[in-house]
Amino acid sequence: MIINAGALTHYGLSLADAIADSKTPAIEIHLSNVHSREEFRRKSVIAHLCIGQIAGFGANGYLMALNLFSNLKTGK
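Using numbering that gives the first Met the number 0, the first residue of the sequence shown is number 0, and each one after it goes up by one.
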């Protein structure tokens, strides 16, 4: 699953529960570099449920995530 949680990244506990319940590998995507923005944006309630996080690459982050999943599936 590729997920851009937007504002739910910081307080979406119900979203975190849904990700955990799905038992589906997930990658967290952020269009902007959340680590270079306000302090509160650096906290993610879903990060620990994801196999990785991609931030700051705009829409290319989605392509990066697809490529990662493809490589994981083929064992590259």
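None of these hints come from the bench; they were simulated from the model.
Quick reminder that beta carbons are idealized off the backbone N, C-alpha and C, glycines included.
Keep in mind that the hints are not guaranteed to be accurate.
Pairwise CB distance ranges (calculated) [claimed, not checked]:
#	residue 1	residue 2	range
1	Thr73	Glu37	20 to 28 Å
2	Met0	Gly74	18 to 26 Å
3	Glu37	Lys72	31 to 39 Å
4	Tyr61	His9	14 to 22 Å
5	Thr73	Ser35	16 to 24 Å
6	Ser31	Leu71	32 to 40 Å
7	Asn66	Asp20	38 to 46 Å
8	Ser69	Lys22	28 to 36 Å
9	Ser21	Leu65	14 to 22 Å
10	Leu62	Lys42	32 to 40 Å
Assessment of proposed distance window 32 to 40 Å (beta carbons of Ser31, Leu71): violated, 25 Å
CB-CB spacing for Leu65 and Ser21 relative to the 14 to 22 Å hint: Given range 14 to 22 Å: holds, Cβ gap about 18 Å.
Met0 paired with Gly74, Cβ distance criterion 18 to 26 Å: Cβ of Met0 to Cβ of Gly74: about 20 Å, so the range 18 to 26 Å holds.
Range hint 28 to 36 Å: satisfied by the CB atoms of Ser69 and Lys22? violated, 20 Å
Would you say the C-beta atoms of Leu62 and Lys42 sit inside 32 to 40 Å of each other? violated, 26 Å
Do the beta carbons of Tyr61 and His9 sit within 14 to 22 Å of each other? holds, 21 Å
Has the hinted range 38 to 46 Å been met by the Cβ atoms of Asn66 and Asp20? Roughly 27 Å apart at Cβ, these two residues miss the hinted range, so it is violated.
When you take the CB atoms of Thr73 and Ser35, is the distance between them in 16 to 24 Å? violated, 33 Å
Is 31 to 39 Å right for how far apart the beta carbons of Glu37 and Lys72 are? Holds: the Cβ-Cβ distance is about 36 Å, inside 31 to 39 Å.
Could one say that the CB atoms of Thr73 and Glu37 fall in the range 20 to 28 Å? The hinted range 20 to 28 Å is violated for Thr73 and Glu37, with Cβ atoms some 38 Å apart.
Hint violations for this structure: numbers 1, 5, 6, 7, 8, 10, all remaining hints satisfied.
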